[in-house]
Amino acid sequence: MEIYQIRTLVAVAQQGHLTQAAELLHLSQPAVTAQIKALEEEFGLPLFERFPGGVQLTEAGKLLLPDAENILALARAMQNRAKGLAGEPRGKVKIGTIGVPARLRLGSWLARLREKYPLISAQTTHGISVSVLNDVRKKILDGGFYLGRNPYQNVTTLQLTDIGFCVALPPALAGELANADWKALGKTAWLGLSQFTSLAEITSELWRSQNIAPTIVGEFDEEATLVELVKAGVGVAILAERTAKRFAADGSIALWRGGEIAVRVPLQFIYSADREHDPLIGMLRSSLKTEWDLG
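If you read the sequence shown in full-length UniProt numbering, its first letter stands for residue 1, the second for the next number, and so on.
Rather than coming from a laboratory, the hints here were simulated on the basis of the structure.
Accuracy of the hints is not assured; some may be wrong.
Label-pair ranges, simulated between beta-carbon atoms [claimed, not checked]:
1) Thr58 <-> Gln123: 25 to 33 Å
2) Glu23 <-> Ile3: 13 to 21 Å
3) Lys187 <-> Thr225: 18 to 26 Å
Note that CB positions come from ideal geometry on N, CA and C, so glycine has one too.
Could you build the full structure based on these sequences and the hints that come with them?
Next up, the structure:
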């Protein structure tokens with residue numbers, strides 16, 4: 001059974017005459033007759049009754065006609081959708097992610113991107129800010145998320161929001177440091193950050209601004225690791241506000257000055273500056289602006 005045979009069946013049923021259906025379909029009458037006969041043989045039952053003035057559907061034909069019309073409607077819908085997709089942008093975008101996906105609104109953003117551009121597929125690579133920045137510069141990634149100040153002119157940034165950071169304290173130090181000044185905080189041990197994380201520079205800048213030089217314990221590169229080490233009493237660290245307050249709520253860590261924001265840091269989407277007018281980057285940028293309500 002072929003679509004063209006179904007189309008002929010519907011045309012003959014609507015016209016009630018083989019010759020008129022043939023003219024409508026731009027076919028010869030023998031060709032129309034042959035197609036109807038082929039369907040009848042395939043179905044094993046007659047579809048039309050012939051009489052001198054034309055043809056009319058048999059009872060079986062009347063029952064099958066709605067199915068035939070539905071098949072044609074689906075075929076037309078498929079054809080129209082295919083024509084629409086022919087002009088759609090397509091390809092794969094490689095995105096660098098950092099930290100907690102929910103903080104980046106990653107799920108809702110990629111869902112929005114998929115809905116608006118159905119032929120675009122996304123591939124994410126999780127890392128830390130510096131590695132994402134370097135891979136964007138090398139064009140290994142099309143774009144990515146970055147926390148902190150971008151030091152390169154050949155990388156363009158789209159600021160999404162500011163993230164506040166709190167000073168997280170081990171519970172054992174809560175009584176001593178909960179309302180301490182920066183001088184007292186500088187005399188306690190702090191968790192060190194890997195030099196490849198933007199949080200390392202953020203922490204160092206915070207220390208410089210407060211004129212302290214704490215003892216550094218270890219070198220770590222993940223927020224989840226910092227949380228566990230603060231819980232265990234290894235040292236003090238700065239944590240993103242939502243993370244800090246979530247763990248403070250169950251008493252597993254304490255917050256300096258009740259969760260006062262110690263520093264605010266820009267969360268940005270970055271891409272190579274020479275791709276400013278690349279349509280693919282434009283799609284990422286516009287969908288991010290919508291997701292983050294940037295106007």
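Exercise. Lysine 187 and threonine 225, beta-carbon distance inside 18 to 26 Å?
Worked result: holds (24 Å)
Exercise. Okay, glutamate 23 versus isoleucine 3 on CB: inside 13 to 21 Å?
Worked result: holds (20 Å)
For this session: Kindly confirm whether 25 to 33 Å is satisfied by the beta carbon distance between threonine 58 and glutamine 123.
Result: violated (56 Å)
Hint 1 alone, counting from the list given before, is not met by this structure.
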